[in-house]
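Q: Just so you know, the protein sequences line up as chains L and P, in that order.
By this note's numbering, the letter at position 3 of the first sequence is numbered 7, and the numbering carries on one by one without gaps.
By this note's numbering, the letter at position 412 of the second sequence is numbered 541, and the numbering carries on one by one without gaps.
Hints are computed from structural coordinates only; laboratory data are not their basis.
Note that beta-carbon positions come from the ideal geometry of N, C-alpha and C, so glycine has one too.
Don't take every hint at face value.
Label-pair ranges, simulated between beta-carbon atoms [said to hold, decoys possible]:
(1) K539(P) <-> M203(L): 17 to 23 Å
(2) S360(L) <-> Y196(P): 53 to 59 Å
(3) G380(L) <-> D354(P): 52 to 58 Å
(4) D83(L) <-> A283(P): 23 to 29 Å
(5) Q556(P) <-> D275(L): 46 to 52 Å
(6) D241(L) <-> D192(P): 50 to 56 Å
(7) N395(P) <-> K98(L): 57 to 63 Å
Straight-line alpha carbon distances no greater than 20 Å define the calculated PhoX-like cross-link-like pairs of lysine-lysine that follow [unchecked claim]:
(8) K539(P) <-> K215(L)
(9) K72(L) <-> K284(P)
(10) K98(L) <-> K80(L)
(11) K199(P) <-> K173(P)
(12) K344(L) <-> K236(P)
(13) K284(P) <-> K344(L)
(14) K399(P) <-> K344(L)
(15) K80(L) <-> K344(L)
(16) K215(P) <-> K399(P)
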Amino acid sequence: MLTRRTFLRVGGVMTMAGAMAPAFMARTFAASANGLADNKRALVVLQLGGGNDGLNTVIPFADDAYYKVRPVIGIKPEDTLKLDNALALNKNLKFLKDSYDKGQMAIVRGVGYPNPSYSHFRSMEIWQSGEPEKTVRSGWLGRYLEQVGGQANIKDLGMTVGSAGQGGGAPLAFWTEKTAVLSYNGPQSFRFIADNADMTDRAAQLAAARKIYSTVTQNSAAEYIRQAALDALSASDSLEKIATNYKPKATYPNTPFAGRLKNVAQVLTSDFGTRIFYVPMDGSFDTHFNENVTHDRLLGILNDGLAAFYQDLQAQGLDDYVMTMTFSEFGRRVGENGSKGTDHGSAAPMFVLGGSKAIKGGMYGEQPSLTDLDNGNMKEKVDFRSVYATVLKNWMGADPNPVVGGDFPLLDFVRG
Amino acid sequence: MNANAISSDRRVQAAHLLRRAGFGGTPAEIEEMAGMSHSDAVEKLLDFKYDGNLAFDLQRKMDEAGYQPKLNDLQYWWMLTMARTKQPLQEKMTLFWHGHFTTAYSKVDHPLMIIQQNQLYRDNALGNFKDFVKLVSRDPAMVMYLDGQSNLKAKPNENYARELMELFTIGIGNYTEQDVREAARAFTGWGLKDRVFFYNKNQHDTGSKTFMSKTGNFDGDDVIDIILSQGQSGRFITSKLWRFFAYDNPEPELIERLTDVYFKSNYSIKETMRAIFNAPEFLSPKAYRALVKSPAELVIGSLRQLGVVGIDTNVSQFSSRMGQVLFSPPTVKGWDGGLSWFNSSLFFERANGMNTLALARGLNNRFDPMRLLTAAKVNSTEGIVDHFLSRLMDGDTEPPVREALLEYIKADGKFNFDDLQASAVAQSGNANANGNVNNKQPNAANLKLADTKVRGLVHLILASPEYQLK
Numbered sequence: 005m006l007t008r009r010t011f012l013r014v015g016g017v018m019t020m021a022g023a024m025a026p027a028f029m030a031r032t033f034a035a036s037a038n039g040l041a042d043n044k045r046a047l048v049v050l051q052l053g054g055g056n057d058g059l060n061t062v063i064p065f066a067d068d069a070y071y072k073v074r075p076v077i078g079i080k081p082e083d084t085l086k087l088d089n090a091l092a093l094n095k096n097l098k099f100l101k102d103s104y105d106k107g108q109m110a111i112v113r114g115v116g117y118p119n120p121s122y123s124h125f126r127s128m129e130i131w132q133s134g135e136p137e138k139t140v141r142s143g144w145l146g147r148y149l150e151q152v153g154g155q156a157n158i159k160d161l162g163m164t165v166g167s168a169g170q171g172g173g174a175p176l177a178f179w180t181e182k183t184a185v186l187s188y189n190g191p192q193s194f195r196f197i198a199d200n201a202d203m204t205d206r207a208a209q210l211a212a213a214r215k216i217y218s219t220v221t222q223n224s225a226a227e228y229i230r231q232a233a234l235d236a237l238s239a240s241d242s243l244e245k246i247a248t249n250y251k252p253k254a255t256y257p258n259t260p261f262a263g264r265l266k267n268v269a270q271v272l273t274s275d276f277g278t279r280i281f282y283v284p285m286d287g288s289f290d291t292h293f294n295e296n297v298t299h300d301r302l303l304g305i306l307n308d309g310l311a312a313f314y315q316d317l318q319a320q321g322l323d324d325y326v327m328t329m330t331f332s333e334f335g336r337r338v339g340e341n342g343s344k345g346t347d348h349g350s351a352a353p354m355f356v357l358g359g360s361k362a363i364k365g366g367m368y369g370e371q372p373s374l375t376d377l378d379n380g381n382m383k384e385k386v387d388f389r390s391v392y393a394t395v396l397k398n399w400m401g402a403d404p405n406p407v408v409g410g411d412f413p414l415l416d417f418v419r420g
Numbered sequence: 130m131n132a133n134a135i136s137s138d139r140r141v142q143a144a145h146l147l148r149r150a151g152f153g154g155t156p157a158e159i160e161e162m163a164g165m166s167h168s169d170a171v172e173k174l175l176d177f178k179y180d181g182n183l184a185f186d187l188q189r190k191m192d193e194a195g196y197q198p199k200l201n202d203l204q205y206w207w208m209l210t211m212a213r214t215k216q217p218l219q220e221k222m223t224l225f226w227h228g229h230f231t232t233a234y235s236k237v238d239h240p241l242m243i244i245q246q247n248q249l250y251r252d253n254a255l256g257n258f259k260d261f262v263k264l265v266s267r268d269p270a271m272v273m274y275l276d277g278q279s280n281l282k283a284k285p286n287e288n289y290a291r292e293l294m295e296l297f298t299i300g301i302g303n304y305t306e307q308d309v310r311e312a313a314r315a316f317t318g319w320g321l322k323d324r325v326f327f328y329n330k331n332q333h334d335t336g337s338k339t340f341m342s343k344t345g346n347f348d349g350d351d352v353i354d355i356i357l358s359q360g361q362s363g364r365f366i367t368s369k370l371w372r373f374f375a376y377d378n379p380e381p382e383l384i385e386r387l388t389d390v391y392f393k394s395n396y397s398i399k400e401t402m403r404a405i406f407n408a409p410e411f412l413s414p415k416a417y418r419a420l421v422k423s424p425a426e427l428v429i430g431s432l433r434q435l436g437v438v439g440i441d442t443n444v445s446q447f448s449s450r451m452g453q454v455l456f457s458p459p460t461v462k463g464w465d466g467g468l469s470w471f472n473s474s475l476f477f478e479r480a481n482g483m484n485t486l487a488l489a490r491g492l493n494n495r496f497d498p499m500r501l502l503t504a505a506k507v508n509s510t511e512g513i514v515d516h517f518l519s520r521l522m523d524g525d526t527e528p529p530v531r532e533a534l535l536e537y538i539k540a541d542g543k544f545n546f547d548d549l550q551a552s553a554v555a556q557s558g559n560a561n562a563n564g565n566v567n568n569k570q571p572n573a574a575n576l577k578l579a580d581t582k583v584r585g586l587v588h589l590i591l592a593s594p595e596y597q598l599k
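Construct all of the structure, not just a fragment, from the sequences and the given hints.
A: In structure tokens form, the structure reads like this:
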């Protein structure tokens, strides 16, 4: 006779990421073959959600067209940090200006993709999946991890620090069927808590929890959850020790973003083995209204967090091994709107920074014209997959073509 | 009985319905619904009276006290309403609409506008979708959130026009960039004055617009009429409702059926919901525990199913830590839901939040396991495990899970049911609470162990993978 449970074994088809159950494995990170000990290079991907206004970030102060279409929110030349005789950084980006001057930051101008989407969600999906032509349910970093992984510790190689998914959870960028990486927000909440007054009971609960989470079910959603739980349990003791041993060598600002970078530094100084970090910035860059107030504040948070992060990394002797790349799902409309803001646009600059042995600083790509427009939007000069491919090949030593789905011209911003 | 139903057991069906149309049933609620047919149970849930006074009571109280409410006050009020309501579908629909027509507190920055909007969603929860969209387009919090007040004739702001189509009514791929610009023109002048909707005639663009292949001097209502008349718009909203209430990736044939109901009933949300709950697919194995509970659903469900009393003002923090800050969705798209509610750190937030609830011995968020066990006349250790598995999991658990729980609570034979009773008596300070206190005087350590174990058991169930599903 069929019981209800056997009935249900055929059911339980799951939602969005149904097929992407994290692989279950014992954590043996101390001997990680892919840790910084063997290949010290790491990549930090910073997500500026909401659509960062590239034109008020890297300001074309010598172009009259800029002031003509932005009479209110255009930033005057004297209020900028000049990089050369055409472009300047927003004045809140002092550390980035210093990095640029020292040849430790590349600015890739005019980055986008053909037929841009002006939807936050679709465009973010495109940047995270690395596929503008069609909807795919895997991310570019996930596909990279699959390529270099293959061994048991594939998931140790990546980490999301903070909630970077569009809906608050895991970002598509890391997703494939095998690469549901850890998501870590600092050691305080990354542990299984029972009755704090009774550690014997906690041990008993943990033993029971491990049995419960090791019980295979026929429900794919339950499978995903229990494996995420097992991964979390097996990582929590190690991460707690790492946090205890870590001594920051810089004072991090008191922002959630800087806190996340500090967590990244913590893991980088350990032998945990993570090589790719995905970190969301605070706030939203969706500045339809009263842009400059919000934008200035957010760029300040970005700059100050990165300043502390690289000061720390340099003091730890790691800055030459850590490349940081920023991106946003799109730039904004060239002309301002009637509410001291800008609507959704297209091509925008990306920053790539790191130590002097990591980066060949300078300008890459091409500044898009402010007059030769497509419906009020700039035309992209560099496909974002060229930037991804450059990082993958020249920095991570990977074959980029299967990851980005084609042969994209490489740029020259990686040193060595 | 349909051979493809999740179970012929009406209790299992009723529990499933209550997890979807509400926040999960207590044994009494499940028993009541199991006593009627599925379609009668659906009618009972659909037939709620608008309890519109709730929000305004809150407003009055706050006005009287001269108190400016903060985000947490609003969250507490709504969580309390969800936890206490006798009309769970009303609050569940309101939660759905809050995630659909999102608005973030941080940008609106005015608590009463947020309350007003929440009440609009409650009042129209099962109303007419076309009227609803027109009301939302005039809702002060929405106007502020999506920049309606700065959508001016000379320089239209496209924010509302784009999200209206992309997220609220028809979905990406079903309109052009030209449609976005023209719709923005049609909504010019739809602004605010003293935080009330105000149609600013001088800022409205009265010129001709060409929108979705139609040309005329359109205003916002015309744009809404044109969008909602598209078949794709019907499919968009019925699929979104189905995915929230039943399962992901609905069959196209099913969506056509629902869309047909939606249009034939002249955009009635109530008729659409009736069709959803009564669809055979809703009771199919594919639907059973196929959706992930959102943090708010997890917290509200556990408060209701555990009979928690004295719900504290901090209750919204449980949901917030797990990734769902009410009135503060991460983006204008709301919460993605599904497995995106899960990753390793959010797992700990869920497990640890449930631990705090299971351990609430004091007056705030008080959970009293002995009260539930006594009422159910449970009198054995195995009975305790089975009681909570039945109460929280439909009694539907993989055997190794039950074994692990049993092994845990027995604590190498140190757990004694009588100790649990005595411990509860000691905690309540009422020697006659159970009318049946064992004469044996257990020592304090045994009393404590018994209480710890039963709370630990509940924690383990609440943190289990299958309890995260609805």
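Q: All hints, please: hold or fail.
A: Outcome of the hint check:
1. Between K539(P) and M203(L) the C-beta distance comes to about 19 Å, which sits within the given range of 17 to 23 Å.
2. Our hint of 53 to 59 Å for S360(L) and Y196(P) holds, since their Cβ atoms are close to 57 Å apart.
3. Distance hint for G380(L) and D354(P): a CB-CB separation of about 28 Å, inconsistent with the stated range 52 to 58 Å.
4. As the Cβ distance of D83(L) to A283(P) is approximately 26 Å, the hint placing it in 23 to 29 Å holds.
5. Between Q556(P) and D275(L), the C-beta spacing of about 47 Å keeps the proposed range 46 to 52 Å intact.
6. Checked against the given bound of 50 to 56 Å, the beta carbons of D241(L) and D192(P), roughly 52 Å apart, stay inside it.
7. For the hinted restraint 57 to 63 Å between N395(P) and K98(L), the CB-CB distance of approximately 60 Å keeps it satisfied.
8. Under the criterion of a C-alpha separation no larger than 20 Å, the hint pairing K539(P) with K215(L) is consistent with the structure, at around 15 Å.
9. The hinted pair formed by K72(L) and K284(P) meets the criterion: a straight-line CA distance of about 15 Å does not exceed 20 Å.
10. Distance restraint check for K98(L) and K80(L): the Cα-Cα separation of roughly 17 Å lies within the 20 Å cut-off, and the hinted pair is therefore satisfied.
11. Restraint check for K199(P) and K173(P): not satisfied, since their Cα atoms lie roughly 35 Å apart, outside the 20 Å limit.
12. For a cut-off of 20 Å, the pair hint linking K344(L) to K236(P) stands: about 16 Å separates their Cα positions.
13. For the hint linking K284(P) to K344(L), the alpha-carbon distance of about 10 Å falls within 20 Å, and the restraint holds.
14. As the CA atoms of K399(P) and K344(L) are separated by approximately 42 Å, the hinted pair breaks the 20 Å bound.
15. For a cut-off of 20 Å, the pair hint linking K80(L) to K344(L) stands: about 15 Å separates their Cα positions.
16. A threshold of 20 Å between alpha carbons decides the hint, and for K215(P) with K399(P) the separation of about 18 Å falls inside it, so the pair holds.
Violation of the numbered hints given earlier is confined to hints 3, 11 and 14; the remaining hints are satisfied by the structure.
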